[in-house]
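**Student:** Residue-level listing of the chains:
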Amino acid sequence: MRRKIAPYLLILPGGLWLVIFLVVPLVFMASVSTQEGDIVNGFVQTFRLANYTDALVEFKTQFLRSVGYGLAGTVLTIALAYPVAYWIAFKAGARKSTYLLLVLLPFFVSFVLRTVSWKFLLADDGILLQPLKGLGLLPADFHVLQTTAAVIGGLAYNYLPFMILPIYVALERVDPRVVEASYDLYASRRDSFTKIVLPLSLPGVFAGVLMTFVPMTSDYVNASILGGPANTMIGNIIQTEYLVNNDYPVGGALSFTLMAAMLIGIFVYAKALGTENVLEAAAR
Amino acid sequence: MTTPPRDLAFLRGLTQSRSRGGAPITRRDALRVGGLSAAALALAACGVQGKKVAPPAPSAAAGYWADKTKHGTLRFANWPLYIDKDGKRYPTLEKFTKDTGIQVTYQEPIQEMSTWFGKIQPQLAAGQDIGYDLMVMTNGFQLGKAIALDYLAPLDLAKLPNFTANAGDKYKNPSYDPGNVYTVPWQSGLTGIAYNPKYIDGEITSIQDLWNPKYKGKVGMLADTQEVANFGLFLLGIDPDKSVQADWEKAAQKLQEQRDAGIVRKYYENDYVDALVRGDIWICMAWSGDIYQQLAEGKNLKFVVPQEGATIWTDNLCIPKTSQNPVDALALMDYIYQPEIAAKIAEYVTYITPVPAVQDVIKADAAKATGEDKKALELAANSPLIFPSDSDLAKLRTYKVLTPAEEKVFEGIFQPITQG
Chain A
1 MRRKIAPYLL
11 ILPGGLWLVI
21 FLVVPLVFMA
31 SVSTQEGDIV
41 NGFVQTFRLA
51 NYTDALVEFK
61 TQFLRSVGYG
71 LAGTVLTIAL
81 AYPVAYWIAF
91 KAGARKSTYL
101 LLVLLPFFVS
111 FVLRTVSWKF
121 LLADDGILLQ
131 PLKGLGLLPA
141 DFHVLQTTAA
151 VIGGLAYNYL
161 PFMILPIYVA
171 LERVDPRVVE
181 ASYDLYASRR
191 DSFTKIVLPL
201 SLPGVFAGVL
211 MTFVPMTSDY
221 VNASILGGPA
231 NTMIGNIIQT
241 EYLVNNDYPV
251 GGALSFTLMA
261 AMLIGIFVYA
271 KALGTENVLE
281 AAAR
Chain B
1001 MTTPPRDLAF
1011 LRGLTQSRSR
1021 GGAPITRRDA
1031 LRVGGLSAAA
1041 LALAACGVQG
1051 KKVAPPAPSA
1061 AAGYWADKTK
1071 HGTLRFANWP
1081 LYIDKDGKRY
1091 PTLEKFTKDT
1101 GIQVTYQEPI
1111 QEMSTWFGKI
1121 QPQLAAGQDI
1131 GYDLMVMTNG
1141 FQLGKAIALD
1151 YLAPLDLAKL
1161 PNFTANAGDK
1171 YKNPSYDPGN
1181 VYTVPWQSGL
1191 TGIAYNPKYI
1201 DGEITSIQDL
1211 WNPKYKGKVG
1221 MLADTQEVAN
1231 FGLFLLGIDP
1241 DKSVQADWEK
1251 AAQKLQEQRD
1261 AGIVRKYYEN
1271 DYVDALVRGD
1281 IWICMAWSGD
1291 IYQQLAEGKN
1301 LKFVVPQEGA
1311 TIWTDNLCIP
1321 KTSQNPVDAL
1331 ALMDYIYQPE
1341 IAAKIAEYVT
1351 YITPVPAVQD
1361 VIKADAAKAT
1371 GEDKKALELA
1381 ANSPLIFPSD
1391 SDLAKLRTYK
1401 VLTPAEEKVF
1411 EGIFQPITQG
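Going line by line, the protein sequences match chains A and B.
Everything in the first sequence is counted per our numbering, starting at 1 for the first residue and increasing by one.
Everything in the second sequence is counted per our numbering, starting at 1001 for the first residue and increasing by one.
You may find that some hints are simply not true.
To be verified - Per the computed footprint, the stretches of chain B lying under chain A, defined by three or more beta-carbons under 8 Å from a beta-carbon of chain A, are:
#1 1142-1150
#2 1278-1286
#3 1408-1417
What the hints assert, rightly or not - With a Cα cut of at most 20 Å, we get these calculated SDA-like pairs of lysine to any residue:
#4 B:K1170 to B:R1397
#5 A:K60 to B:Q1256
#6 B:K1198 to A:D125
#7 A:K119 to B:N1196
#8 B:K1198 to A:I127
#9 A:K119 to B:G1217
#10 B:K1408 to A:V40
#11 B:K1368 to B:N1382
#12 B:K1145 to A:V44
#13 B:K1408 to A:G37
#14 A:K60 to A:P229
#15 B:K1145 to B:D1129
#16 B:K1321 to B:H1071
#17 B:K1242 to B:P1178
Derived by calculation from the structure, the hints in this document are not laboratory data.
No residue lacks a Cβ here, since even glycine has one placed at the ideal position from N, Cα and C.
Whenever a hint applies, use it, and build me the whole structure from the sequences.
**Tutor:** Right, dumping it as structure tokens:
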């Protein structure tokens, strides 16, 4: 008897936590997303599904832009993270943990503070651009802040460790004997990498993508601090709808659409990558 | 003609599902349906209650205050750097405690009206204490909502003799709160144009300059829709207070042109000051107090009230209806309307005080002071940013007061501009 109950007892705290703080708000939000009204006169449940189409039509630009930024940011983080993870896993020797700590070090500083510091670094007449402009290498009206590049760069910077760590874990688990065996079978270094190491590390890349693409797409801090009027992301819109306009139905509809779009995207991606089970891949 | 044999099994197969036959609904099905309807019920039940109220009768204030007594404590929520501060001490609040015996817990949790309202709204809607007895809210959508939703305590003006005696006439009886039923002003400020003379030659006098292609990518506008809208309206020579939807659309079109031409660098919240000082932008919409503080620090910036007009806004003291110590809150509301007290606050926060007598107090203080203090006080006493001239005052307009339905239209017109 006890043996049967124990697992349930173990899941109880976490389960309750999820039910209270995830399931209940989700149900509430689903309800709100089909209501009509305003905050002063109250919202009435009319099961108005047109809230979804209305919101999507109105904000499709920001939706597509967010997905685009999320994808670009993810690709950029993979490009930056893979070599770093590879180097730490295979070449760092005894000092692996030191380097891992260095990767994590920026996380000891607040997320917002890190992003704000970019503003000082990249200011039009700041320490980086001023000298280059002075040397005539850049035109006088060149700027980085409030551009698409700044937002995507900020996203990639802020989520980089979430990509490095899972790739590192995957690479770390590659058995060196397998690589040796590939050389014994006359594989070139390149073949050995593309046929042995890369496939074995893909689950790590997949987990990294999960942990970066999803939060990047719904991020709103980078767009609001580093972006300009043409860089508004869907996260900024949802925030405005909730907190400024108090238009809960539109905010709810947008949140659910975003959630659905990302779930579908992730499952398609999992299928394409041949990973049967998303969660299993993430857990690896 | 022969009648085909009636195959009962065949008939049943046509009309009923095969596996179950005529069996009653299984337990699992019942659960499934039950679960669905419970979810539907939850969906239907989760309506958000609105609570619009008629304006209270004069007797409402008497009714609210009848059973309230002084407790000797007060929890005050304000914006950062918005009261005189000496190191970690607040001299005005300490003096208040000495004079009245009321202990003040002073905090600065308000960064922006929309987020603040988002934070307190659920508790106020549920009739719960928000943890503060007195708070400062800008005249705008959120204050309008707080009044319309009956979240604020009606004030007992008989207990505010200093306000009645000392507040300037133009700070009384505002359009957003006729008769000062719920609010009294804390400080006011102007939204005008600030620019950095290092990059801009000549004097800036007009809102047209914010549309000047010469400053492409170096113009900052404010993200607040009411602020941006007012400037669009000023540009067209329309008084925001008298504007109608057709005017809003015209103003929005102008703002859109400005944006599409790449003139606007960004729609800023309160981070435009840094951008202006750093040179990311050269000219921008700006709040008078922010720029005054930069001037006082010796920065080379200019602030102008453009000839077409500028916005005056007011931050207001108000008491949430769920306040635990409303009598104590009312006491502080009145206390700060003594000219000497108002002067101490004005000298520090450098926005526009609702007590005109403060100018003389500051002048007198300046006459007595020496050195750096004297210079600072003289700068304050003569600053048009703290004591706007009559010609400037004539150009100032407030935000238009909007009903919830109008607000939706208004936001629908102007938000696409700032939100891209």
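**Student:** Next, verify each hint and record whether it holds.
**Tutor:** How the hints compare with the structure:
Residue count for the region 1142-1150 of chain B with a Cβ under 8 Å from a Cβ of chain A: 3. That meets the three needed, and the coverage hint holds. Figure legend: the region 1278-1286 of chain B, annotated as covered by chain A; annotation consistent (3 residues with Cβ-Cβ distances under 8 Å, at least 3 required). Only when three residues or more bring their CB closer than 8 Å to a CB of chain A does the claim for the region 1408-1417 of chain B stand; here the count is 4, and the claim holds. Straight-line distance between C-alpha atoms of K1170 (chain B) and R1397 (chain B) comes to about 12 Å, which keeps the hinted pair within the 20 Å bound.
Restraint check for K60 (chain A) and Q1256 (chain B): the C-alpha separation of about 19 Å stays at or below 20 Å, so the hint holds. For the proposed pair K1198 (chain B) and D125 (chain A), the alpha carbon gap of about 12 Å is at most 20 Å, so the pair holds. Our distance criterion of 20 Å between C-alpha atoms is met by K119 (chain A) and N1196 (chain B), whose separation comes to about 19 Å. As the CA atoms of K1198 (chain B) and I127 (chain A) are separated by approximately 18 Å, the hinted pair is consistent with the 20 Å bound.
At roughly 16 Å between alpha-carbon atoms, K119 (chain A) and G1217 (chain B) fall within 20 Å of each other, so this suggested pair holds. Among the hinted pairs, K1408 (chain B) with V40 (chain A) is consistent with the structure: their alpha-carbon atoms are about 12 Å apart, no more than 20 Å. With a CA separation close to 16 Å, the supplied pair K1368 (chain B) and N1382 (chain B) stays within the 20 Å bound. Note on K1145 (chain B) and V44 (chain A): the hinted pairing holds, with a Cα-Cα distance of about 18 Å set against a maximum of 20 Å.
Note on K1408 (chain B) and G37 (chain A): the hinted pairing holds, with a Cα-Cα distance of about 11 Å set against a maximum of 20 Å. Note on K60 (chain A) and P229 (chain A): the hinted pairing holds, with a Cα-Cα distance of about 16 Å set against a maximum of 20 Å. A C-alpha spacing of about 18 Å is found between K1145 (chain B) and D1129 (chain B), which places the hinted pair at or below 20 Å, so the restraint holds. With a C-alpha separation of about 16 Å, the suggested pair K1321 (chain B) and H1071 (chain B) falls inside the 20 Å cut-off, and the hint holds.
In summary, the hint linking K1242 (chain B) to P1178 (chain B) is supported, as the alpha carbons are separated by about 17 Å, within the 20 Å threshold.
This entry satisfies every hint, going by the numbered hints stated previously.
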